[in-house]
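Visitor: The primary structure of each chain is shown beneath.
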Amino acid sequence: MVSGNLENKSNKYRMASNIRLIARLDIKGPNLIKGIHLEGLRVMGNPNEFAKKYYNDGVDEIIYMDTVASLYGRNNLSDIVKKAVKDVYVPITVGGGLRSIDDVKYLLRCGAEKVAINTAATKDPKLITEVSRKFGSQCMVLSIEAKRNGDDSWEVYTENGRQKTGMDVLEWAKQGESLEAGEILLTSVDNEGTKKGFDYELIKKVSESVSIPVIASGGMGCLNDLSKVVNDSSADAVAMADILHYDRSNIKLIREHCQENNINVRDYEA
Amino acid sequence: MSETMKPKISIVDYGLCNLYNVSNALEHIGANITIIDKPHDIEKASHIILPGVGAFKNGMRGLNLRELVQPLKEHIVKNRPFLGICLGMQMMLSKSYEFGEIEGLDIIDGDVEKIPKINSSNITHKIPHIGWNKVIINENVRNHHLLKGQDDKSSMYFVHSYRVNCNNKDNIMATTNYNDVNITAIINKNNAYGCQFHPEKSGKYGLSILKQFVKS
Chain A
1 MVSGNLENKS
11 NKYRMASNIR
21 LIARLDIKGP
31 NLIKGIHLEG
41 LRVMGNPNEF
51 AKKYYNDGVD
61 EIIYMDTVAS
71 LYGRNNLSDI
81 VKKAVKDVYV
91 PITVGGGLRS
101 IDDVKYLLRC
111 GAEKVAINTA
121 ATKDPKLITE
131 VSRKFGSQCM
141 VLSIEAKRNG
151 DDSWEVYTEN
161 GRQKTGMDVL
171 EWAKQGESLE
181 AGEILLTSVD
191 NEGTKKGFDY
201 ELIKKVSESV
211 SIPVIASGGM
221 GCLNDLSKVV
231 NDSSADAVAM
241 ADILHYDRSN
251 IKLIREHCQE
261 NNINVRDYEA
Chain B
1 MSETMKPKIS
11 IVDYGLCNLY
21 NVSNALEHIG
31 ANITIIDKPH
41 DIEKASHIIL
51 PGVGAFKNGM
61 RGLNLRELVQ
71 PLKEHIVKNR
81 PFLGICLGMQ
91 MMLSKSYEFG
101 EIEGLDIIDG
111 DVEKIPKINS
121 SNITHKIPHI
131 GWNKVIINEN
141 VRNHHLLKGQ
151 DDKSSMYFVH
161 SYRVNCNNKD
171 NIMATTNYND
181 VNITAIINKN
191 NAYGCQFHPE
201 KSGKYGLSIL
211 KQFVKS
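Protein chains in written order, with our numbering: chain A, 1 to 270; chain B, 1 to 216.
Hints were generated in silico from the structure; no laboratory data involved.
Only a predicted model underlies this, so the values are computations on that prediction, with no experimental measurement involved.
A couple of the hints might just be wrong.
Claimed, not checked - Example chain B residues on the side facing chain A (calculated, C-beta under 8 Å, incomplete):
#	residue
1	N21
2	K95
3	Y97
4	F99
5	G100
6	N182
7	E200
We treat Cβ as the ideally placed atom computed from N, Cα and C, and that holds for glycine.
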C-alpha cells in the first residue's frame, strides 16, 4: 500500500539521528579560499572571522582544510586553529598534510577535535589504525577525494584532486572502516565548487557500504541539495563551503529548511 | 575579576587525552586552570575535572600508573567538586566491559557497555554515536544548580561508542535518546558529576554546565 510505505518512510526520518551541519573552510596560507574542483583558488579573507560567524549562527562543526599542505609536506593550520578555539566552542576537524602520529598529536594539542587524513592514509593505510588506537576512532576522519570514472565507479584522488591513486573509492571506504576510521569525509572532486549539487550516487553508494558516519562534501548549490543528499543518499552530515562563504544562505535558514523538510537537526536559537 | 579571585580548577592529566579544549573553555568562562598529574596535587585541589577520550582500559591504566585512583576516590569522599567528562565520566562507574571486564573508580554503582547497534525497532544505526543530541533532564533535578541555564533546546555534542548504566536511578540527572536507544547523559552523586557529552564543545549550553560546576 502506497500510503503505508510513505508512513514508514517518514517514520524512518523521524528515527534518524540529527544531521550535522558542518562549515568547511579551505585554507591557503593565512586565508580562506574557495575554488572549483578543489582548484582555481579565490581568496575570501580571514578564516576565523568566517568561523566565528558560523559558530554564532549555530553551526554544528567546523572543518579546516589546508589545501596546499600536501605539496609542502606539512600542515600550516596550527596558528589558525589555536586562535579559532578561543571563539569557537564546537568540534573542529583539521586536515591537509598530516602524515604521522606526531602531526596528529600536535594539531590535537592546538585544539583540534579530529583530524582528516587523505594522502598519508593512501600511502600507508596502517596510519588509520595507529591514529584510531592512539587517540580514539572518533578522532580519525578518513578524507576521501573521489573522482568519477567513465563507468559507475570512482577513483581515489589525493593532493586536492590532482593526483590519481588507482584505488577504488568504495573499496577504500570499506577498508578505511575495517582499519578503524571513525568517519569518512567524502568529497566529490567533480562537483566541488560547481554549485550543481552533490554527487548523490557516490554518497549513497559509500554510505550504504560502511556503517561509520559519512560527511557529504562538494557541490551544494541550494537548500534542496541538502535535503536530497540526506534523504536520498543517507548522508550523516553535510559539509558546506561557498554556499556559506558567499552568503547564498546561512546556518539559520539551512536549519529551518531541514526542520520544514523532516530532517532532524539540532535545535538552536542564536 | 582579579587573578586571585578566579576559581581554581584542576584538570587531571593521565597521559591519554588532549586537555587543551577543556582548559581553554574553562579559561573562557573565567576560571584559573592547573594541570595536575601527581597524587599530592589531587589532595590539595578544590575542584577536579577528569577529562578523557579513548579506551576505558587505557584510561584506568593511566590513572593507576600515576597512583591517582585512591586520591581521586578520597577527593570525592570528602565531597569536593568533581566532574568527569566522556571517558572521565565512564571511569566513575564500578566496571566496564570494553575489551573484557575492567574495574573503574567505583564512585557510582553501575557499569559501562557498548551502545547497542540495533534499537528496539530493529533498526541498525551507526556506532560511534557522533553528533548533537537533545539532553532530557529528569524532572526531580530540573532546579539543580548544575543545570541552571539549560532549557528545552539544550543539545550537546556526543562522541562515544560506550554508554553508562547506573544501578541506582537516582544517580541519573539527564539522558539522551540516540535512535530510541537510551543513553545516560549526566550522572551525579553528592558533589561528583559526570557528562557523557563534551561540554567544552557543546556551544553555550555546554559552557553553562562548566560555569555552574565552577561555581559549585
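Visitor: For the restraint on B/N21, tell me whether the closest CB of chain A is nearer than 8 Å.
Guide: Given a least distance of 6 Å, the restraint on B/N21 holds.
Visitor: Does the closest beta carbon of chain A sit nearer than 8 Å to the beta carbon of B/N182?
Guide: With Cβ-Cβ at 14 Å, over 8 Å, it is violated.
Visitor: Was the hint right that B/E200 lines chain A, CB cutoff 8 Å?
Guide: Holds, about 7 Å.
Visitor: Quick check on B/K95 please, does its C-beta sit within 8 Å of some C-beta on chain A?
Guide: violated (20 Å)
Visitor: Can you verify the interface hint for B/Y97: is its Cβ closer than 8 Å to any Cβ in chain A?
Guide: violated (17 Å)
Visitor: Would the stated hint for B/G100 survive a check requiring a Cβ distance to chain A of less than 8 Å?
Guide: Status violated, d = 16 Å.
Visitor: Given B/F99 as an interface hint, is the shortest Cβ-Cβ distance to chain A below 8 Å?
Guide: violated (12 Å)
Hint check: violations occur at hints 2, 3, 4, 5, 6; the rest are consistent with the structure.
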